[in-house]
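Asks: If you read the protein sequences in the order shown, they are chains A and B.
In this text, residue positions in the first sequence follow our numbering: the first is 121, and each later residue adds one.
In this text, residue positions in the second sequence follow our numbering: the first is 130, and each later residue adds one.
Keep in mind the hints are simulated off the structure, nothing from the lab.
For glycine and all other residues, C-beta sits at the position ideal for the given N, C-alpha and C.
Some clues are possibly wrong.
Heads up, simulated DSSO-like pairs for lysine-lysine below, C-alpha to C-alpha not over 27 Å straight-line [to be verified]:
hint : chain 1 : residue 1 : chain 2 : residue 2
1    : B       : K241      : B       : K132
2    : B       : K220      : B       : K235
3    : A       : K296      : B       : K188
4    : A       : K512      : B       : K188
5    : A       : K208      : A       : K234
6    : A       : K546      : A       : K512
7    : B       : K220      : A       : K294
Listed next, with one range per pair, are the computed distances between beta-carbon atoms [stated by the list, open to error]:
hint : chain 1 : residue 1 : chain 2 : residue 2 : range
8    : B       : K188      : A       : H199      : 40 to 48 Å
9    : A       : D219      : B       : E219      : 27 to 35 Å
10   : B       : E175      : A       : H199      : 39 to 47 Å
11   : B       : Q226      : A       : D219      : 35 to 43 Å
12   : A       : E355      : B       : R205      : 27 to 35 Å
Here are some of the chain A residues that sit facing chain B, going by a computed Cβ distance under 8 Å [said to hold, decoys possible]:
hint : residue
13   : D122
14   : T123
15   : T130
16   : R164
17   : S168
18   : G172
19   : G174
20   : A303
21   : E312
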Amino acid sequence: MDTMATIKQTFFQECEEQLAELESGLLAMNEGFADPETVNAVFRAVHSIKGGAGAFRLDDLVRFAHIFETVLDQIRIGHLAPAPEIMKISLRAADVLADLVAAARDGERLDEAKWLPVLEECRALSDIPESERGDAAGGIAAAPDFQPVRANFDDIDAPAAPDRAQRIFTIHFKPKRELYGNANESVLLLRELARLGRMTVACDATALPLLGELDADGAYFAWTIELATTRDEAEIREVFEFVEGDCELSIDCVAAPPQQDVAALIRRVQAEMGAPSASAASPSHQAPANAGAPLRLVASAEASQDRPAAKADAAKDEIAPSSATIRVAFDRVDRLINLVGELVINQAMLSQRIVEAGFASGSAVIVGLDELQQLTREIQESVMAIRAQPVKSLFQRMSRIVREVADATGKSARLKTEGEAAEIDKTVVERLADPLTHLIRNAIGHGLETPQQRAARGKPPEGTVRLSATHRSGRVIIEVSDDGGGIDRARVREVAIRRGLIAEEAQLTDSEIDNLIFLPGFSTVATLSNISGRGVGMDVVKRSILALGGRIAIVSEPGKGSTFTMSLPLTLAVLDGMVVSTSGQTLVVPLTAIVETLRPRSGDVHALGMDAQVLAIRGSFVPLIDVGQALGFRSAPADPLTSVVILIETEGRARNALLVDAIQDQRQVVIKSLEANYRHVPDIAAATILGDGRVALILDVDALVARSRGIVAQADLQFAEAG
Amino acid sequence: MSKVILTVDDSRTMRDMLNLALVEAGYRVTQAVDGLHGLEMLRGEETPHVIVTDLNMPKLDGFGFIEAVRRDARFRAIPILVLTTESDGEKKNRARQAGATGWIVKPFDSVKLVDAIRRVAA
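Isolated chain A, as found in the complex (with noise of 0.2 Å):
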């Protein structure tokens, strides 16, 4: 990739901060909190994104950028108030300017309908004079098939234009002592003004005073120019335009002699043969104004050529930037959190033979082992913390679909967010994206109520989804929670029971009926609308979270509300899980699956058909898949009494009973590939090692349950899941 494409995609990236900034900045004007940081950070990000759009010619994005950023300064500089129909206007051009933004990175133009509009809304707030209208978009808005085209006027700067006649210009020049202050150089100006044409100079030093009234940082020569040239006084002006008013300048064109005509037509002529030297040829000049001067400088364009010097060696010097961040591929975290993982087992099993050793518990070697316990935990924590990333990114993103969604479906709704600040793994939060998307569609599409319905029931009519996250006990939990009428109740299940989800005479808990919207098959809306349906259930978020390893919930109350809380874990990297045996094999099942525990009773295990079993727990009945047997360690069924059972509740809510032998423990484990470092085996999710150094696969409990499926499904169907 070239450097150009680099920076391009340095700018979106950047494009992506500067949209984040630009709406939390807007979010927390709309709440009234609009001091000036808040403003100055708001202008600032559209003022980059205009910037660097510019560097790249995507004219639609300087042009939206540039009536935006305009209303912004007006807020900033107090001609406009962040009223709330103001911001209203600002939030949308913010979403118009990500889809710009978004467009341009596709290498697209977005549809004018799209933009347009909102671009005048903003132009009647801003109220941007008819002048500025033309620079910045009239012209262009007035004949949408105009394209602008680079003109490129370089030549015109080129020497001796054969076209145009040298002329002799005087120059009287005074530097005031604010040129000096601001770093400005006569002799640099003269510099630039030899660049020009030939020229002499007198300097005027009778100002200067004598060595003990010197000031140093005083202005005391004045200079006069004769410049021989054949630009224009336009341009000799330009060279002054730094400093400008910081001077006393005065350019006076003096008619040519005739014979400067010839004798540049001369040295043209001798240059385009190839000839050595102008200065052969070089005229007689005219005596400058003031001989007298004490000082005189001849110089002379071919003088002046100092380029930097040679740009192999510049670009091996250069300096990387310094700040407060770096980025790092992600493979190099990977590798490090896995040597990480590496130590964490290491250090297990030393501690394991250490204690196996029989060393005395307050022995210096235990002592310092549990430094070493301690030191490598908090590498661990360290090292994933690198991974961690804050929610905020993710919370941003749903106050845009809270406002569409609202604007939709014609209801009224704010976003409130909470615990922005909390931090998950990258992955975890990319991956959450769309789960959440569709439970704020589904909080305001279902959750909430029309403002006419909302004011009949005495609530506000601008509705809330609450969006928060906590750190609680090692994992995070994300609640997305609506202030509107809650889950019908009655509906959820009228439409199970007609889905064939359970049976019409099931008894269900306000709970129960509550989970069913999680079933595959489970919609509510008879036609799939764009803004809930998107032809995707709950049961697909359920997936998502699971897939994670994570758990959803919802708590309902009608009339209320409802809320679903999700609970993540902070990292991809290692599982909670309870180790268990059987067969002398010892394996792990994610602790995120488990309901609960229990040794069955006699009469609670029934025999169905030749090898299939299920256990009676609580009224129901659940398939007992044996571990052990299914997994092909042992071919006779273990003793159901004297094993115990572990109750596990996969995809689609089916609860199903694992039969182990004994469960030895509960811990964080390393997850290792097993497809990377062996390949695919059936029903194993990955693999740990345990602390004595041997290798455990953790259970894929999915695909364990689905295969055993295939023996006791007709056990299953007989038998209505209550849950």
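Given chain A, put chain B in place with the hints provided.
Replies: Just chain B now, kept in the frame of chain A:
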């Protein structure tokens, strides 16, 4: 020994673009992300020959940065070019009052940029 240019801009994109153009032209480039960082760089790193700074920046904006540089006797003679988005007269004047030597109008091409630096670099 090539000249050192300190670029001060909060936008990574701009810093990269400045870096690209200046390194190509044979300069050495140091970078700061805001005015405050720019001052730190001045004190810590080698003294640059020219400073190119943005105006809108967090922490310490371009105007404040220029004023601070001009107040320090060690750095007051360093030429400072400001980056402005428009050929905005008001901004230019404010920058000049703060002590800016000249300006570069964004979006700049590398010719314009290098030209402006040459004009102020001793």
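Asks: Could you run down the list of hints and mark each one as holding or not?
Replies: Status of the hints after comparison with the structure:
no.: 1; hint: B:K241 - B:K132; result: 18 Å, holds
no.: 2; hint: B:K220 - B:K235; result: 13 Å, holds
no.: 3; hint: A:K296 - B:K188; result: 33 Å, violated
no.: 4; hint: A:K512 - B:K188; result: 22 Å, holds
no.: 5; hint: A:K208 - A:K234; result: 17 Å, holds
no.: 6; hint: A:K546 - A:K512; result: 12 Å, holds
no.: 7; hint: B:K220 - A:K294; result: 25 Å, holds
no.: 8; hint: B:K188 - A:H199: 40 to 48 Å; result: 25 Å, violated
no.: 9; hint: A:D219 - B:E219: 27 to 35 Å; result: 32 Å, holds
no.: 10; hint: B:E175 - A:H199: 39 to 47 Å; result: 44 Å, holds
no.: 11; hint: B:Q226 - A:D219: 35 to 43 Å; result: 40 Å, holds
no.: 12; hint: A:E355 - B:R205: 27 to 35 Å; result: 30 Å, holds
no.: 13; hint: D122; result: 10 Å, violated
no.: 14; hint: T123; result: 5 Å, holds
no.: 15; hint: T130; result: 5 Å, holds
no.: 16; hint: R164; result: 5 Å, holds
no.: 17; hint: S168; result: 5 Å, holds
no.: 18; hint: G172; result: 4 Å, holds
no.: 19; hint: G174; result: 4 Å, holds
no.: 20; hint: A303; result: 4 Å, holds
no.: 21; hint: E312; result: 6 Å, holds
The earlier numbered hints that this structure contradicts are 3, 8 and 13.
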